[in-house]
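Next come the chains, spelled out residue by residue.
4 protein chains.
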Amino acid sequence: MPSSETRQRIERRLDELQEHSAREEPGSVDRYYSSWRGYYPPEEAGSERDLFAICVATVDGQVFEAGDSTVGFPLHSLSKVFAYGLALADHGREGVLEHVGVEPSGDAFNSLRFDERNMRPFNPMVNAGALATTALVRGSDAEGQLARILATMRTCAGHDGLEADLATYEAEVAGADRNRGTAYLMRSLGMLHGDVEEILGLYLRQCSVSVTCRDLAVMAGTLAHGGVNPLTVRAALPRKHVRDVLSIMHTCGMYDYAGHWAFDIGLPAKSGVSGGIMMVIPGKMGVAVYSPGLDVYGNSVRGVQVCSEISDRLGLHIFASEDEDAILTPAEPVA
Amino acid sequence: MPSSETRQRIERRLDELQEHSAREEPGSVDRYYSSWRGYYPPEEAGSERDLFAICVATVDGQVFEAGDSTVGFPLHSLSKVFAYGLALADHGREGVLEHVGVEPSGDAFNSLRFDERNMRPFNPMVNAGALATTALVRGSDAEGQLARILATMRTCAGHDGLEADLATYEAEVAGADRNRGTAYLMRSLGMLHGDVEEILGLYLRQCSVSVTCRDLAVMAGTLAHGGVNPLTVRAALPRKHVRDVLSIMHTCGMYDYAGHWAFDIGLPAKSGVSGGIMMVIPGKMGVAVYSPGLDVYGNSVRGVQVCSEISDRLGLHIFASEDEDAILTPAEPVA
Amino acid sequence: MPSSETRQRIERRLDELQEHSAREEPGSVDRYYSSWRGYYPPEEAGSERDLFAICVATVDGQVFEAGDSTVGFPLHSLSKVFAYGLALADHGREGVLEHVGVEPSGDAFNSLRFDERNMRPFNPMVNAGALATTALVRGSDAEGQLARILATMRTCAGHDGLEADLATYEAEVAGADRNRGTAYLMRSLGMLHGDVEEILGLYLRQCSVSVTCRDLAVMAGTLAHGGVNPLTVRAALPRKHVRDVLSIMHTCGMYDYAGHWAFDIGLPAKSGVSGGIMMVIPGKMGVAVYSPGLDVYGNSVRGVQVCSEISDRLGLHIFASEDEDAILTPAEPVA
Amino acid sequence: MPSSETRQRIERRLDELQEHSAREEPGSVDRYYSSWRGYYPPEEAGSERDLFAICVATVDGQVFEAGDSTVGFPLHSLSKVFAYGLALADHGREGVLEHVGVEPSGDAFNSLRFDERNMRPFNPMVNAGALATTALVRGSDAEGQLARILATMRTCAGHDGLEADLATYEAEVAGADRNRGTAYLMRSLGMLHGDVEEILGLYLRQCSVSVTCRDLAVMAGTLAHGGVNPLTVRAALPRKHVRDVLSIMHTCGMYDYAGHWAFDIGLPAKSGVSGGIMMVIPGKMGVAVYSPGLDVYGNSVRGVQVCSEISDRLGLHIFASEDEDAILTPAEPVA
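Protein chains in written order, with the working numbering: chain A, 43 to 377; chain B, 43 to 377; chain C, 43 to 377; chain D, 43 to 377.
Don't take each hint at face value.
If chains are identical, the list can't say which one is meant, so a pair holds when it fits in one copy or spans any two.
Computed list of lysine to aspartate or glutamate pairs in DMTMM-like fashion (alpha-carbon distance at most 20 Å, straight line) [what the hints assert, rightly or not]:
1) K326 - E53
2) K326 - D219
3) K282 - E53
4) K282 - E351
5) K282 - D132
6) K326 - E107
Simulated from the structure, these hints should not be mistaken for laboratory data.
Okay, chain A solo, but in the shape it has when bound (with noise of 0.2 Å):
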């Protein structure tokens, strides 16, 4: 459980970054996501630009909220971490590096480029890992699969009104052809099996479940808590498997920026492409940032902002020592 002084902190810092950030223009937004508009240039923001929550939940339980943090937003490529975690939990680490790797590969998220040596997608983060990924997952059909992944993510969340959101999915179907044909290639590759039509379906239904910035902070706690909900006790995860979801998250967690956040951040986490970020302070707590104007990555760039914050003031970096303002001068090396 975090000390009084730690819970002070947070507060205090929220608070601070809730006036300040607010106030500011978000840097270089590339695109907004609406989920009722899709993606659209920054010129025709209109009300949901100015979205943007903080919350933050520690594994003591205690949940802190600023902003819009009740406004709902579909998961999209968040929803990878908890397909993961649920197919690690049911074939075993070779189980599923038998057909997804764990190779960060500097490419976007919807790259063809494929771990040729050992023919499976890099990793479960890029979209064909995920397409392995989900289709993994166990389950009598479809509709067992997509049960299974609910239950783990409402598990996660705290509550059961988790759902895929209809007009979300019908929106992905209809724009899914690069998924599509990702999936078909990998079929020919004998990088997935089964019906292609069928695990798309699932996979973009995984996308389109709803969750708030609060929720997705619950999630995110419950991944620093080891896999048992901080709020309701309930394990949704192995936790030797959380264990497996961070390293993932900590190096390909952030698109073909996840080198860059590993450096510069130094803490495992996920965005998608509907403008929220999970941030897990293993042990601590779960951070989430929801703001929908996007870098050329597809991160948020306010989220990537109030995380790299966080960090930086507290000292959450893995790498960071207590002490690291300690100034120790180098020894003078030979000019």
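Since chain A is already given, all that's left is putting chains B, C and D on it; use the hints.
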């Protein structure tokens, strides 16, 4: 300072590893390396294939050695870590980021694929990025640059015996066409500036610096200790850039196996094609293994095995929780 | 009309080719194809490996046959030529160029690399380009499009017996994942429009049309005769688009061996992975060879050998001069 | 010898072309080239943008000139044709094919993609292939090789004035990093042997040879005349390798526009980024155009326009029939 209990675990574990690993055949060796014979296939292996050392240097200044810990071998890619740290000390994060990215690419070490969005090598651990990094090291000329790189390495190792090995250097120069071609391409793309042959020569000399497994463990221990050599208590690299170095080692240190390593072993590490691997347990210790049988990625087969066992048995994966083995029953999802 | 001397040379040559080629083993066969067994390795070859036919149809309406000239086999990629001619007749050069390029790419037939400068497939002979071409054929629906493609093929062949073979079609559908994936990717990139499954089905039916070697020779003869069937004197394709078709066959007709063919044999040709090759000697004759042993590029091994001999012996290379063998002493350059 | 009618058509056509082309703005110029300023954008164009010449040399020894036919410019890539012919004369087809392919690749001239199946550059017209070709030219040393290349070029041009231009050479050397990088990579892959700097220097000197548009027309005329200079009646290249040279020009001569050229213009041609294009009408004449405004592919904008008009008006496309314009009604296919 590690607890007495930790020290005892290390000693006990090293002894065990020595005994059983030396008895067993290494797994699937793709090729061997010796500094006097270069690379050769397993069927031509001579006495050097049996070279095997494991060393540990703790942050409180204790060194543990097992096996051939005093045999010298060239740093090769291991040198990239120290040049990168020095370049960061010289130019700061932003200054280095202008020229070298921090994104793992899933490519082999000699890849010609660049981060085209930012027109720079993907990261400092692929050869292209290492060339750009070395070029950034300050110095009045190549001799001055080399002197500063050597000084950093020597402070990390804690003694002044580290030198570039002339025979290794000459062998490297003879086989440097791909690196040379890469460097000229980079200059044609504006990613490298100045005298290519001088940069290449400097880089190859840096790669030719000879160390023992004990040296390497102390160098890793210096990184584990925030940049301060735990034996001499002299600072080799600024603490904040040790964070950067560890971040890069974590995502990019093990060639195109880096993601798998981060997933499975979960600690910052770097390997060289001479058969050495160094692994850093921040705040605790540095580990080095030397065994010249390499896998298809170019990593020491025994090195990977030993590091995996150490991480596994001691529960050192950065995303492992202390009570990893505690059995938690996940909520039963809908079948 | 070819001279009597030409006819005699053809007859004599065909006899010779029949005799010695049928005796000799074909060169390095990579795999065999039969319409009832699909692809199989050389060591599993049955009676169909001995199928071998050579046919010639001259522009004055004579047909010469040797070997198994009445055995049916599917057109496969040979069909691309006729669909391309029809698309050109329907939309003109510029109309087709908007959707399909004319650039050889050095890639295999199933490549996913596109002409990114113009956002279109490189040429109509790779599968991606063939899909785009087929989609361009006019018709009220897929049935209407197929009827028009069949009508063109039948006019070229000079009889109405040409039909899509249902068994071949069903086998093609079962193995169509790569083409299907390619088609969906193309639609996601704006390179293909409409109902992908319908376009794919149409394309696969076009590929399944069964011909004999004699048919193929007459079809090639029609192209040699400016688009007018030399037996029926009915026009199948506009003369100016026959030029276009021959241009594409010349640069792109033989998969990623096309450049070598243009260099060595120097005549427009097209092959199919069913073992057929057709070659056009403009203004003179069409040649067809059928032999189902394929090389690594997917071209009939015997087909390449026979066409090479015909071009060579008759001096048909488009850049050969009549007195090619005349010995001219080059000016002695400075040594 | 061309008929008197043909000569009159040429004269009349050249006059027309001169008049109307010089009046009109060239189409979309991407950049200009001058041997003293290098490349510069259209908005900085000075007097050299107006340079414009068209020359024709017939196989019976007549030369027609229009415009700035005596202005010198470097051969650049045009030189590749003559070095390739000489390498073929030195080693034969098979000897050269071992080192340089004949496959168009759809890539830009400076591509780093190689024919991996055969481990060689795709063709002799991309820079990688040109480097390998030049290295094949026999000679006791680079001077001897250059002397033989120059001798071939001089015999083709019909006078001994052709020389490498020192200023051009020095500018080329200064900007040769990509070629140098390519050459070292090739050597690392076993595609190039010997002293890379020497090969590169030889190649750049070959590229620096200065010609006039009249020279270039006679050189093209020599290729049209089976390798025998139509003015001096001296043989420059063996007839059978002129066939090879024309084959390669036909499929690979116009950079990544080569396929379009073969489709549209249908004659062997080669361009250089200095603004020259030579086109060969086998058995008839050579055509040269010089105009330094280049399109995105690196081809002279006016050069392409003029060659297209010549081919079109004179019906010279290799797959055009004499009565191309005869109207043939295609069989009415089923609607």
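At most 20 Å between CA atoms: does that hold for K282 and E351 within a copy, between copies, both, or neither? between (29 Å within a copy, 16 Å between copies)
Between K282 and D132, at a C-alpha cutoff of 20 Å, which is it: within one copy, between copies, both, or neither? This pair counts as within: shortest intra-copy Cα distance 13 Å, inter-copy 41 Å.
Could you figure out if K326 and E53 sit no more than 20 Å apart (CA to CA) within one copy, between two copies, both or neither? within (14 Å within a copy, 32 Å between copies)
Could you figure out if K326 and D219 sit no more than 20 Å apart (CA to CA) within one copy, between two copies, both or neither? neither (40 Å within a copy, 46 Å between copies)
How would you classify K282 and E53 at a CA-CA limit of 20 Å: within, between, both, or neither? Answer is neither: 31 Å inside a copy and 27 Å across each miss the 20 Å cutoff.
At most 20 Å between C-alpha atoms: does K326 with E107 qualify within a copy, between copies, both, or neither? within (16 Å within a copy, 37 Å between copies)
Hints 2 and 3 from the earlier list are contradicted by this structure; the remaining hints agree with it.
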